[in-house]
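K.L.:
Put together the whole structure using the sequences plus the hints.
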Amino acid sequence: MPGQSSVGWIDIVVILAYLLATGYLGWLGYRGTRSAADFLVGGRSAHPIIMAVSYGATFISTAAIVGFGGVAGLFGMSLLWLTFLNIGVGILIAFIVFGEPTRRLGHHLGAHTFPELLGLRYQSRGIQIFAGALIFLFMPLYSAAVMTGGSIFAATQFGIDFEVALLIFALITAAYVIPGGLKAVMYTDTFQGFIMVIAMIILLVVTYSSLGGVTEAHRYLTDMADMVPAPLAQMGHQGWTAMPAFGWGAPTYDLWWTVITAIILGVGIGVLAQPQLIVRFMTVRSRRELDRAVPIGAVFIMLMTGTPFLVGSLSNAWFAQHGPILNGKVVQEISAEKGRALVELMKKDDSGAWTPILNPKTQAPATAALIVSERTPAQDASGAPFELVGGRSVAVTYVKGDPDKIIPVFIASAMPHWFGVIFFLALLAAAMSTMSSQFHTIGTAAGRDLYERIGNKGQAREPSLLVMRLAIVVGLLIAVTISYMVRQEYIIARFTAIFFGLCAASFLPAYIGGLFSRRVTKAGALASMTVGLAVSLFWLLLVKAKEASAIGLVQLVTGGKTSLLADYPNWPSVDPIVIALPAAVLTLILVSALTRPPAAEHLNRCFPER
Amino acid sequence: MLGIDDPFVLFAYLGIIALAILSLIYGLARRNAARDDVTPEDRQWAIEEKKVDDEF
Numbered sequence: 004m005p006g007q008s009s010v011g012w013i014d015i016v017v018i019l020a021y022l023l024a025t026g027y028l029g030w031l032g033y034r035g036t037r038s039a040a041d042f043l044v045g046g047r048s049a050h051p052i053i054m055a056v057s058y059g060a061t062f063i064s065t066a067a068i069v070g071f072g073g074v075a076g077l078f079g080m081s082l083l084w085l086t087f088l089n090i091g092v093g094i095l096i097a098f099i100v101f102g103e104p105t106r107r108l109g110h111h112l113g114a115h116t117f118p119e120l121l122g123l124r125y126q127s128r129g130i131q132i133f134a135g136a137l138i139f140l141f142m143p144l145y146s147a148a149v150m151t152g153g154s155i156f157a158a159t160q161f162g163i164d165f166e167v168a169l170l171i172f173a174l175i176t177a178a179y180v181i182p183g184g185l186k187a188v189m190y191t192d193t194f195q196g197f198i199m200v201i202a203m204i205i206l207l208v209v210t211y212s213s214l215g216g217v218t219e220a221h222r223y224l225t226d227m228a229d230m231v232p233a234p235l236a237q238m239g240h241q242g243w244t245a246m247p248a249f250g251w252g253a254p255t256y257d258l259w260w261t262v263i264t265a266i267i268l269g270v271g272i273g274v275l276a277q278p279q280l281i282v283r284f285m286t287v288r289s290r291r292e293l294d295r296a297v298p299i300g301a302v303f304i305m306l307m308t309g310t311p312f313l314v315g316s317l318s319n320a321w322f323a324q325h326g327p328i329l330n331g332k333v334v335q336e337i338s339a340e341k342g343r344a345l346v347e348l349m350k351k352d353d354s355g356a357w358t359p360i361l362n363p364k365t366q367a368p369a370t371a372a373l374i375v376s377e378r379t380p381a382q383d384a385s386g387a388p389f390e391l392v393g394g395r396s397v398a399v400t401y402v403k404g405d406p407d408k409i410i411p412v413f414i415a416s417a418m419p420h421w422f423g424v425i426f427f428l429a430l431l432a433a434a435m436s437t438m439s440s441q442f443h444t445i446g447t448a449a450g451r452d453l454y455e456r457i458g459n460k461g462q463a464r465e466p467s468l469l470v471m472r473l474a475i476v477v478g479l480l481i482a483v484t485i486s487y488m489v490r491q492e493y494i495i496a497r498f499t500a501i502f503f504g505l506c507a508a509s510f511l512p513a514y515i516g517g518l519f520s521r522r523v524t525k526a527g528a529l530a531s532m533t534v535g536l537a538v539s540l541f542w543l544l545l546v547k548a549k550e551a552s553a554i555g556l557v558q559l560v561t562g563g564k565t566s567l568l569a570d571y572p573n574w575p576s577v578d579p580i581v582i583a584l585p586a587a588v589l590t591l592i593l594v595s596a597l598t599r600p601p602a603a604e605h606l607n608r609c610f611p612e613r
Numbered sequence: 003m004l005g006i007d008d009p010f011v012l013f014a015y016l017g018i019i020a021l022a023i024l025s026l027i028y029g030l031a032r033r034n035a036a037r038d039d040v041t042p043e044d045r046q047w048a049i050e051e052k053k054v055d056d057e058f
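Protein sequence lines, in the order shown, are assigned to chains A and E. This note's numbering runs 3 ahead of the 1-based position in the first sequence. This note's numbering runs 2 ahead of the 1-based position in the second sequence.
Some hints here could point you the wrong way.
Some, not all, of what chain E presents toward chain A, calculated at C-beta under 8 Å [said to hold, decoys possible]:
(1) V11
(2) S25
(3) V40
Simulated DEER-style distance windows between Cβ atoms [stated by the list, open to error]:
(4) E:L16 - A:W251: 38 to 44 Å
(5) E:L4 - A:Q335: 30 to 36 Å
(6) E:Q46 - A:W251: 51 to 57 Å
(7) A:L556 - E:K53: 41 to 47 Å
(8) E:D38 - A:Q126: 29 to 35 Å
(9) A:A537 - E:D38: 41 to 47 Å
(10) E:Q46 - A:F610: 17 to 23 Å
(11) A:G386 - E:L16: 45 to 51 Å
(12) E:E43 - A:I18: 43 to 49 Å
(13) A:D226 - E:L16: 19 to 25 Å
(14) A:L556 - E:D39: 52 to 58 Å
Keep in mind the hints are simulated off the structure, nothing from the lab. What you are looking at is a predicted structure, and each value in this text was computed from that prediction instead of being measured. Using N, Cα and C, we set each Cβ at its ideal position, and we do this for glycine too.
P.N.:
Take a look at the structure:
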């Protein structure tokens with residue numbers, strides 16, 4: 004069903020109009036005030052809407068909309084907790100608690116990148132290099148998530164191959180980030196943010212109205228709990244409007260630990276330690292500007308993450324009511340009263356006989372829960388008579404088990420084609436604003452934090468723009484390669500969660516300590532960052548089953564198991580952040596307590612207000 | 003309520019709206035509460051930032 008769409012001339016006109024408008028705004032911006040720094044240099048204030056939407060557009064990308072929206076289509080509305088954290092932590096706590104201290108500390112110390120902020124705060128070249136290296140090495144993973152999300156959507160919307168979409172996406176990104184799109188042209192970001200807002204409002208309203216209203220849509224989805232695919236039900240899936248089953252010590256609780264620790268906590272907390280977002284606080288003029296940006300930021304994030312998570316979940320109800328008819332043979336009745344049955348899916352072969360559709364992973368006949376609407380006599384390939392049933396199923400059936408396709412396929416199926424083009428532009432905007440800051444961060448990490456700090460016998464080198472540009476090209480190539488090579492279950496959300504979790508465990512304790520404590524020491528910060536990173540990597544390589552088994556090292560170590568703790572239920576589903584972040588916090592406290600505090604003179608420079 | 007039976011999911015659904023409203027109230031209440039001074043240090047920082055950006 005997806006992929007029948009094609010690129011029409013109206014699509015091309017709309018896309019060109021958008022690109023021209025973006026280019027024009029960018030050009031206007033380049034002529035005058037364009038970046039946050041320009042506002043500050045001019046002593047003027049950026050409008051709070053511009054500040055908040057620009058921040059939000061950096062934060063939100065195709066990873067959130069396509070990747071996490073798809074995860075919501077699979078796991079349901081428990082994902083709304085991530086939106087709750089995105090607003091509560093990503094906006095309220097970040098802006099109110101972290102924004103002003105970060106801005107002040109950055110300006111007192113003259114820091115322009117996040118690694119530089121940490122390095123200057125702790126008077127440590129090693130810390131700056133460590134943080135710069137971590138960003139340079141792992142940020143491409145997050146960029147790959149954004150790129151995969153955009154490419155899957157484009158492939159579905161315009162009916163082209165994923166590889167072709169990825170190539171086009173990579174070329175657009177290269178054209179945008181390599182020559183000059185790196186500057187945070189705030190007007191362009193804001194324009195793109197508005198397109199995203201409009202697209203999300205239309206999507207939310209149309210989805211709810213096509214399902215009969217808010218309560219009716221939710222009620223219908225709640226009543227679909229008996230259609231949860233068996234493998235998910237065995238992990239604790241209790242329906243798309245219910246939390247997964249909570250507990251410890253049995254495989255039926257795996258989903259709770261996956262959703263809460265890996266999907267929600269990793270990203271929900273990890274946002275505080277995102278280098279490209281932290282730097283944004285330093286470009287703010289004053290505390291007042293931060294305060295004024297809070298409401299707009301909160302509403303923006305609510306729409307940008309809440310809408311895809313709701314629509315992803317509700318897509319199950321939409322497909323069950325309006326999806327194309329699927330056919331097959333009843334394997335087991337689920338509810339005769341509601342007309343629901345587990346069906347072995349079948350299709351007509353060239354000779355007109357009904358043959359089973361095979362699951363590409365298991366090569367066994369594919370089954371799905373169907374709301375049966377028609378029953379007719381038919382014959383299978385051997386000529387044996389059977390009752391052929393027809394009906395509709397849940398979202399994951401229509402995307403052949405790939406949750407990353409749920410949002411793109413839903414939009415291609417449920418929305419008018421013109422909206423698909425608008426939504427594609429919104430996604431393109433979201434991807435470009437995020438990737439622009441990602442690659443800017445990769446470039447500065449390589450140029451400013453690594454190249455300038457390493458070598459020359461400890462003396463700082465002259466800045467090298469060539470190194471920065473090379474780093475961006477290398478980062479882009481790595482991201483494209485990852486997108487091309489790795490196509491697994493909800494990989495967009497997983498890549499994002501891995502990067503956010505790594506940043507949280509490695510940076511968050513040292514960052515918070517650096518902002519709010521005079522007692523945290525250089526040794527404490529470095530030890531905390533090392534422990535956070537080491538524990539995270541150990542867990543990803545050897546314990547967290549999904550990632551560890553994909554990398555393959557754990558099979559070599561254990562002789563074929565997918566986790567060192569494969570025999571202990573739930574442990575292989577627990578995200579590294581649950582272990583690594585507390586370990587890093589503890590290390591920071593203990594090592595700082597045992598080492599000499601920083602010099603009073605340096606602390607007075609960091610915190611002259613106190 | 004609202005067709006969602008699980009109280010934890012309902013809490014998240016309504017909590018999102020409540021947080022957005024709280025943010026609106028915060029922004030309105032504090033819109034002029036904090037100081038809005040640009041110090042010479044702030045301006046110097048921005049000049050350096052702009053220099054790096056322009057070179058880039």
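K.L.:
Now look at each hint and say whether the structure bears it out.
P.N.:
Here is what the structure says about each hint:
1. V11: Holds. Min distance 5 Å.
2. S25: It holds, given that the least Cβ distance between S25 of chain E and chain A is near 3 Å, below 8 Å.
3. V40: Holds, because the Cβ-Cβ distance from V40 of chain E to chain A comes to roughly 5 Å (cut-off 8 Å).
4. E:L16 - A:W251: 38 to 44 Å: violated, 28 Å
5. E:L4 - A:Q335: 30 to 36 Å: holds, 32 Å
6. E:Q46 - A:W251: 51 to 57 Å: Holds, since Q46 of chain E and W251 of chain A (Cβ atoms, about 54 Å apart) stay within the stated range.
7. A:L556 - E:K53: 41 to 47 Å: At 45 Å between Cβs, range holds.
8. E:D38 - A:Q126: 29 to 35 Å: holds, 31 Å
9. A:A537 - E:D38: 41 to 47 Å: holds, 43 Å
10. E:Q46 - A:F610: 17 to 23 Å: Given about 19 Å between the Cβ atoms, the range holds.
11. A:G386 - E:L16: 45 to 51 Å: violated, 58 Å
12. E:E43 - A:I18: 43 to 49 Å: The hinted range 43 to 49 Å holds for E43 of chain E and I18 of chain A, with Cβ atoms some 44 Å apart.
13. A:D226 - E:L16: 19 to 25 Å: The hinted range 19 to 25 Å holds for D226 of chain A and L16 of chain E, with Cβ atoms some 21 Å apart.
14. A:L556 - E:D39: 52 to 58 Å: Given range 52 to 58 Å: holds, Cβ gap about 54 Å.
Checked against the numbered hints above, the structure violates hints 4 and 11; every other hint is satisfied.
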